[in-house]
Amino acid sequence: MKNRKHLVLILSLLAVLFGTIAVPAQSETNALTIGISVEPISLDPAGGLYIPEQFLIQQIFDPLIAADPALNLHPALAKSWEVNEMGSEFSFHLRDDVKFHDGTKFTGEAVKISFDRAAKGSTVAAAAPTIFYDYIETQVVDDTTVIVKFSSPHATFLQDLTRPWLMISSPAAIEKHGEDYGQYPVGTGPFILKEWAAQDHITLTKNPDYNWASDFYVHTGPALLDEITFRFLPEQATRIAAFQSGEASIVQDPSYLEASQMTADPSVQLFTFVNPGMTSHQMINVEKAPTDDINVRKALIYAVDQETISQVAFYGLQPAAHNVISPSTWGYNEEAAKLYSYNPEKAAALLEESGWIDSNGDGIREKDGVNLHIEYPALPAYEEAFMELLASYLQKAGFEVNITKLDDAGISEFGFASKHNILNMGWVSRDPAVLSYVYDSENIEGGNQSSYTRFRSDRLDEILRTAPQTIDEEARKALYQEAQMIIMENAIALPIHCYGSVYIADANITGFRFDPEGFPYLYEVSIAAE
Amino acid sequence: MWRYLGRRLLTSLSVLIGVSIFTFLMLHLVPGDPVHALLGRQAVTPERLEELRQELGLNDPIPVQYFNYIKDVFQGDLGRSLKTNRSVLDSIKEQFPSTFQLTIVALLISSTFGIFIGTITAFSHNSWWDKILSIVTISGISIPPFFFGLLLILFFSVKLNWLPAVAKSNDPQGLILPAFTLAIGEASWLARLVRSSILEEFDKSYQWTARAKGVRESTVLFYHVLRNSLIPIVTAISLQFVYLMAGSVVVESIFARQGIGRLAVTAIQNRDFPLVQGTVAFIAVIYVLINTITDLIYAVVDPRVRLK
Numbered sequence: 001m002k003n004r005k006h007l008v009l010i011l012s013l014l015a016v017l018f019g020t021i022a023v024p025a026q027s028e029t030n031a032l033t034i035g036i037s038v039e040p041i042s043l044d045p046a047g048g049l050y051i052p053e054q055f056l057i058q059q060i061f062d063p064l065i066a067a068d069p070a071l072n073l074h075p076a077l078a079k080s081w082e083v084n085e086m087g088s089e090f091s092f093h094l095r096d097d098v099k100f101h102d103g104t105k106f107t108g109e110a111v112k113i114s115f116d117r118a119a120k121g122s123t124v125a126a127a128a129p130t131i132f133y134d135y136i137e138t139q140v141v142d143d144t145t146v147i148v149k150f151s152s153p154h155a156t157f158l159q160d161l162t163r164p165w166l167m168i169s170s171p172a173a174i175e176k177h178g179e180d181y182g183q184y185p186v187g188t189g190p191f192i193l194k195e196w197a198a199q200d201h202i203t204l205t206k207n208p209d210y211n212w213a214s215d216f217y218v219h220t221g222p223a224l225l226d227e228i229t230f231r232f233l234p235e236q237a238t239r240i241a242a243f244q245s246g247e248a249s250i251v252q253d254p255s256y257l258e259a260s261q262m263t264a265d266p267s268v269q270l271f272t273f274v275n276p277g278m279t280s281h282q283m284i285n286v287e288k289a290p291t292d293d294i295n296v297r298k299a300l301i302y303a304v305d306q307e308t309i310s311q312v313a314f315y316g317l318q319p320a321a322h323n324v325i326s327p328s329t330w331g332y333n334e335e336a337a338k339l340y341s342y343n344p345e346k347a348a349a350l351l352e353e354s355g356w357i358d359s360n361g362d363g364i365r366e367k368d369g370v371n372l373h374i375e376y377p378a379l380p381a382y383e384e385a386f387m388e389l390l391a392s393y394l395q396k397a398g399f400e401v402n403i404t405k406l407d408d409a410g411i412s413e414f415g416f417a418s419k420h421n422i423l424n425m426g427w428v429s430r431d432p433a434v435l436s437y438v439y440d441s442e443n444i445e446g447g448n449q450s451s452y453t454r455f456r457s458d459r460l461d462e463i464l465r466t467a468p469q470t471i472d473e474e475a476r477k478a479l480y481q482e483a484q485m486i487i488m489e490n491a492i493a494l495p496i497h498c499y500g501s502v503y504i505a506d507a508n509i510t511g512f513r514f515d516p517e518g519f520p521y522l523y524e525v526s527i528a529a530e
Numbered sequence: 001m002w003r004y005l006g007r008r009l010l011t012s013l014s015v016l017i018g019v020s021i022f023t024f025l026m027l028h029l030v031p032g033d034p035v036h037a038l039l040g041r042q043a044v045t046p047e048r049l050e051e052l053r054q055e056l057g058l059n060d061p062i063p064v065q066y067f068n069y070i071k072d073v074f075q076g077d078l079g080r081s082l083k084t085n086r087s088v089l090d091s092i093k094e095q096f097p098s099t100f101q102l103t104i105v106a107l108l109i110s111s112t113f114g115i116f117i118g119t120i121t122a123f124s125h126n127s128w129w130d131k132i133l134s135i136v137t138i139s140g141i142s143i144p145p146f147f148f149g150l151l152l153i154l155f156f157s158v159k160l161n162w163l164p165a166v167a168k169s170n171d172p173q174g175l176i177l178p179a180f181t182l183a184i185g186e187a188s189w190l191a192r193l194v195r196s197s198i199l200e201e202f203d204k205s206y207q208w209t210a211r212a213k214g215v216r217e218s219t220v221l222f223y224h225v226l227r228n229s230l231i232p233i234v235t236a237i238s239l240q241f242v243y244l245m246a247g248s249v250v251v252e253s254i255f256a257r258q259g260i261g262r263l264a265v266t267a268i269q270n271r272d273f274p275l276v277q278g279t280v281a282f283i284a285v286i287y288v289l290i291n292t293i294t295d296l297i298y299a300v301v302d303p304r305v306r307l308k
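These protein sequence lines are chains L and V, in that order.
Residue 72 in this note's numbering sits at position 72 of the first sequence, with consecutive numbering throughout.
Residue 198 in this note's numbering sits at position 198 of the second sequence, with consecutive numbering throughout.
In case anyone wonders, no lab produced these hints; they're calculated from the structure.
Remember, it's a predicted structure, so these values are computed and weren't measured experimentally.
Some hints could be false.
[Said to hold, decoys possible] Computed footprint of chain L on chain V, listed as stretches where at least three residues anywhere in the stretch have a Cβ under 8 angstroms from a Cβ of chain L: (1) 108-121; (2) 164-174; (3) 204-215; (4) 229-237; (5) 257-265.
[Claimed, not checked] Derived Cβ-Cβ restraints for the label pairs, each shown as a range: (6) Lys-405(L) to Asp-60(V): 45 to 55 angstroms; (7) Phe-155(V) to Lys-405(L): 17 to 27 angstroms; (8) Leu-25(V) to Ala-349(L): 49 to 59 angstroms; (9) Leu-29(V) to Ser-267(L): 27 to 37 angstroms; (10) Phe-155(V) to Ser-37(L): 47 to 57 angstroms; (11) Leu-29(V) to Lys-405(L): 51 to 61 angstroms; (12) Phe-146(V) to Leu-257(L): 54 to 64 angstroms.
Glycine included, C-beta positions come from ideal geometry on N, C-alpha and C.
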């Protein structure tokens, strides 16, 4: 009798245990979960820095002007705009039917407050102040008219306006939350922040009042999804598992191996996009031997097979690069990209021409008893996938390569001390103007100290300084094409791969298309009924 | 007793001061400029760099920086994260409950399984059961948690679809896989400890005296042997709490859960000084607190300890 009581107890305990281990609840039809790799640091447009912030800010906020995937400009919060002849003053005529998520009205004052904050930046690493380097002020003429003034012609401003860093915040919310505004962002966008659990998830809900979508979107009115949860999944293996178990319907940056295998699966959609801006390339130091010799620099470029690196390291999902900027960047120069292609014989000939010969048969070339040595400080976070492969190509050509693995701060110090021969660089950006950050010789000793090629060319400096102030589009494009040519002809950049956005999505996700920087317009995304 | 208590608390306090100095110095000894580390590859001017150093107080001599930090801590201000500008104290308050939950559930699992398996293997010493379970427990100690966690996800989430792999941190279902992942090593280790501890008691002569007095075999085993062998095990379990908290760092990353361990690791990677100091100090306080409580309980239970 006593034993049977125990049995009943054990059975009921088991029942309770398995009761809790039920199948995970099916998500509501109109709620979407997206697995993203990195958690944003701040959702304040004036505080954001990089990919995770950009993706989220674009859902919550609206720009004054919006860009379609082909980079054409369309009215958004601004109905129309004019530019003065010099290109330094921009007037905007604003919509007067727009409300922030907190119910306050969108006016010219909000534009002024948002831009003033953007010029300062609200976190140490914010991207906005870099764009606003020559900002003077925003003048509020009336509720629906503002004039933005710069101290010099600012050719990229209209395109910059479409980026998340210059989107418009609610002044009332900024006032209310003060230093914590980055955690409680309030915009006019199609989605409203519902909750943010740090190291866990962010949930957005549909803005039911949204009725001011830009005209290039495929629909008007509120967004099609009711709710979006962004789940932060830093481990690649976990991101794939979450997708396979159905806990996330869209996953950003899946492992390349698994994503490339999934292309054959009809229940999975793979979306890829080549990001504009600087490619991932090695900046070659012209002041440190042996790369002070242009033949050695050219040999470095000829020695590397980017196509194979792209296939082996990235399963082709980060395409090979042959130029300092990527083909999807405005002003890309096809000719500069054609200067070099993988050619080990040519590399050998160039090295021999400069007197580098392997006389003792150890596989490393020497000259006057000195080995052909390359110092390569590497940041595993960006270069893990290809750094050994790159080194092996160089070794095959007769170089001796020393890889030193460092973190960001270590790399900056190593590079500033000019101890490197090659150093990785890359910068996703809409416009080739980004080249000036690391190719203007002013940045060797001064500036941001990131000009790691230590290459000084008056013409290149002149281009990089005048182009951002050149309002005429064709003239500006010609300048940047010349800049790419100078960089590649002098062999100061060894291109490796383009950055690519990679997403996998369930088959029932519809309306997925990329914006000019490789983020999906979630406003257009919906879940098809099965 | 009171003198022992006083002495013990004084030791704890000096440990805490040591920890705070050590974490403070460690961050300054790592090569590279912290401001550069913060900014990553952002393009900034030297003026802005200088401004940031000023803002963050990095230009003050190190002892002054340390003193300012301690002063703020006593005013309940742990500062704000350099990277996200969030209040450090709020972040800790937000992240700790998840780690605590995970640790407690894992502790329950590891002590239940550990004592259960350890007792079975000891009592059936040298049988097939003992051998099979010994292989299981040794594997349990050897398997790295990040690998075991992925296996569990693959089997229970992807293949069977029974349990969520990455449930939100406040979902109790999502606690099951992480807790087992965290517990397996400690459970196996505890099982080995319980087994050897019981076997040791088997050799002692008091049980022969008991048997000679005519005490029943089950009473000898459960009342005398098991009870005496549990003394070191109780200490082991309280120490496990601390080990599990440390182990939660890995498990929190695999299952993408909230937690204090992950917070600390991210902060270290970002060289986010205030956040590193805040989290490390917090973890140290918990650690010292648990050790102190364990020692005090021990002193109450076992008079030899406080007389030493």
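Hints the structure violates: just list their numbers, smallest first. Going through the list in order, the structure violates hints 1, 3, 4, 6, 7, 9, 10, 11 and 12 and respects the others.
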